[in-house]
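There are 2 protein chains.
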Amino acid sequence: MRERELITKITALLHISNEDAFIFPYNNILFSLTVDTLVAKTDVPKGMTPFQIGWKTVVMNLSDLAAMGSTPKYFLLSLTLPREYPVLDITKGAKSACTRYHCKYCGGDLNEGELSASGFALGTSKTVMLRSGANPHDKVGITGDIGRVYSGLRNLETATQPMKEKIFTPRPRIAEGLMLKANSCIDISDGLSSELHHIATASNVQIDIYSDKIPIHEDVTKKAHSLGENPITWALKSGEEYELLFTSPYINPKIGTEIGEVKKGKGVFLDGEPMPLLGWEHYT
Amino acid sequence: MRERELITKITALLHISNEDAFIFPYNNILFSLTVDTLVAKTDVPKGMTPFQIGWKTVVMNLSDLAAMGSTPKYFLLSLTLPREYPVLDITKGAKSACTRYHCKYCGGDLNEGELSASGFALGTSKTVMLRSGANPHDKVGITGDIGRVYSGLRNLETATQPMKEKIFTPRPRIAEGLMLKANSCIDISDGLSSELHHIATASNVQIDIYSDKIPIHEDVTKKAHSLGENPITWALKSGEEYELLFTSPYINPKIGTEIGEVKKGKGVFLDGEPMPLLGWEHYT
Numbered sequence: 069m070r071e072r073e074l075i076t077k078i079t080a081l082l083h084i085s086n087e088d089a090f091i092f093p094y095n096n097i098l099f100s101l102t103v104d105t106l107v108a109k110t111d112v113p114k115g116m117t118p119f120q121i122g123w124k125t126v127v128m129n130l131s132d133l134a135a136m137g138s139t140p141k142y143f144l145l146s147l148t149l150p151r152e153y154p155v156l157d158i159t160k161g162a163k164s165a166c167t168r169y170h171c172k173y174c175g176g177d178l179n180e181g182e183l184s185a186s187g188f189a190l191g192t193s194k195t196v197m198l199r200s201g202a203n204p205h206d207k208v209g210i211t212g213d214i215g216r217v218y219s220g221l222r223n224l225e226t227a228t229q230p231m232k233e234k235i236f237t238p239r240p241r242i243a244e245g246l247m248l249k250a251n252s253c254i255d256i257s258d259g260l261s262s263e264l265h266h267i268a269t270a271s272n273v274q275i276d277i278y279s280d281k282i283p284i285h286e287d288v289t290k291k292a293h294s295l296g297e298n299p300i301t302w303a304l305k306s307g308e309e310y311e312l313l314f315t316s317p318y319i320n321p322k323i324g325t326e327i328g329e330v331k332k333g334k335g336v337f338l339d340g341e342p343m344p345l346l347g348w349e350h351y352t
Numbered sequence: 069m070r071e072r073e074l075i076t077k078i079t080a081l082l083h084i085s086n087e088d089a090f091i092f093p094y095n096n097i098l099f100s101l102t103v104d105t106l107v108a109k110t111d112v113p114k115g116m117t118p119f120q121i122g123w124k125t126v127v128m129n130l131s132d133l134a135a136m137g138s139t140p141k142y143f144l145l146s147l148t149l150p151r152e153y154p155v156l157d158i159t160k161g162a163k164s165a166c167t168r169y170h171c172k173y174c175g176g177d178l179n180e181g182e183l184s185a186s187g188f189a190l191g192t193s194k195t196v197m198l199r200s201g202a203n204p205h206d207k208v209g210i211t212g213d214i215g216r217v218y219s220g221l222r223n224l225e226t227a228t229q230p231m232k233e234k235i236f237t238p239r240p241r242i243a244e245g246l247m248l249k250a251n252s253c254i255d256i257s258d259g260l261s262s263e264l265h266h267i268a269t270a271s272n273v274q275i276d277i278y279s280d281k282i283p284i285h286e287d288v289t290k291k292a293h294s295l296g297e298n299p300i301t302w303a304l305k306s307g308e309e310y311e312l313l314f315t316s317p318y319i320n321p322k323i324g325t326e327i328g329e330v331k332k333g334k335g336v337f338l339d340g341e342p343m344p345l346l347g348w349e350h351y352t
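From first to last, the protein sequence lines are chains A and B.
Residue numbers for the first sequence follow this note's numbering, so the first one is 69 and each next one is one higher.
Residue numbers for the second sequence follow this note's numbering, so the first one is 69 and each next one is one higher.
Errors might be hidden in some of the hints.
Pairs count within a copy or across copies, as identical chains cannot be separated in the list.
Below, in silico cross-link-like pairs of lysine-lysine (DSSO-like), each with a Cα-Cα straight-line distance of 30 Å or less [to be verified]:
1. K232 to K194
2. K207 to K281
3. K109 to K160
4. K207 to K109
5. K77 to K160
By construction, these hints were calculated from the structure, which means they are not laboratory data.
Between the sequences and the hints, there should be enough to build the whole structure, so can you do that?
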């Protein structure tokens, strides 16, 4: 069974919706909870330091909170590590990311085994932004640029500095998430194509994307062309970008780039043609 | 470096205390957060089903909340699993335990790798019970009985039904934790000896334990004697018991058994002799 099918079955079993974080109200406050695990085999590129592993684990979780428009408050880290692994360096990296994003790193757990790092974050929200909130007539926006992660990982030896930065020290879009006030939002962890399909399905809408509007770094375009490949395809499947993809009647250019629009209907279209479902998936 | 040294360094780096859960106030409510990871190599005895793995992961976390006197509210589960592992059975086990203890299982994460399950639980508290709150003149109490886990794991083939129950479907002492109103409390995950030392050190007190008062199941006593070993030693080092160890001026016999007392001084004593530090530790 593939990951998407499994997640569909699990969410049905639990009667929950598949969102970046779980939101619950308590005494008139909205809290958001999320968990995300970094696994050596799939999430740790060659050359990533223990400090960067700690940093990235925090970012993976805070990015989920950013997609819900939440302010991060508390973070916990459960580490499973082989013997003699430099655990304090991971902890320092996690602490550094927490400090940078004003979140308290308040504890965790330590176990022996194959490297993995499970982060848990709690945030507070003033509004609720879901994957399922996209409305026809919304525009589609995206923060930053995409493609640098896939491009860099295609061959780390020829990766440029901007590619390495996004792979080894990613940034969660906390400030943007708080400013957005979007109808729907998701963070790009599996890839733009995959996340667009998530929003279209969850919101029961059609999404039209225009390839010439997708913000792609010039280094990515150059590298794709040098290999005779299409930078748009790279941008669509590049995962762990931690940019926010959102829909709103108006896209503030200070927050993101408008790349398309939401319509009545179903499916995701790129320049008028059905967009293939690309991007990272476990168990494929 | 051994686990205790590592945890000391990590808690110093983060300026946090080493408690079962992290407690924070928000709008006059006390919230408690905890994380605990089940790892295949160390936490999954031979014969444990995927359903039981899910159940146990929930119990490990709710037991931490119980030790803080908290009411469990929300649970998240991050699973890392090999291909073709019956993930839905783990999820069903976790859901069953959450339902049993009135906690909402509200989401999680799925990854590919060596089996591990990271649980994260959030609870609310009306009081604060810490490891560091033991006072001279407190009595020492313990819920239930201890030793069945170690005794069963010594040889699963000769384990009796009461031993198997505690190993495969442990129970968190939520109700007891709420009734306790103790000065200090900890749950027994590493072993009675280890947890007694934690309380004595954190509270800067001496603890005297009387071996004839320790509640040990008759099956454990029988098995230890049949192997020519001391059941008290088994009880002191038996981990993953999920009983509560607490100190209070009065031990209500409906909640637990009185096994000793707190005094001014340092260290842990068993029948007047220094108690060895036994119990589970990673990286030893």
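Right, here's what the structure says about each hint:
1. K232 to K194: neither (34 Å within a copy, 48 Å between copies)
2. K207 to K281: within (12 Å within a copy, 71 Å between copies)
3. K109 to K160: Close inside one copy (22 Å) and across copies (27 Å); limit 30 Å.
4. K207 to K109: neither (37 Å within a copy, 49 Å between copies)
5. K77 to K160: Answer is between; shortest inter-copy Cα gap is 11 Å, intra-copy 37 Å.
Checked against the numbered hints given earlier, this structure breaks hints 1 and 4; the rest are met.
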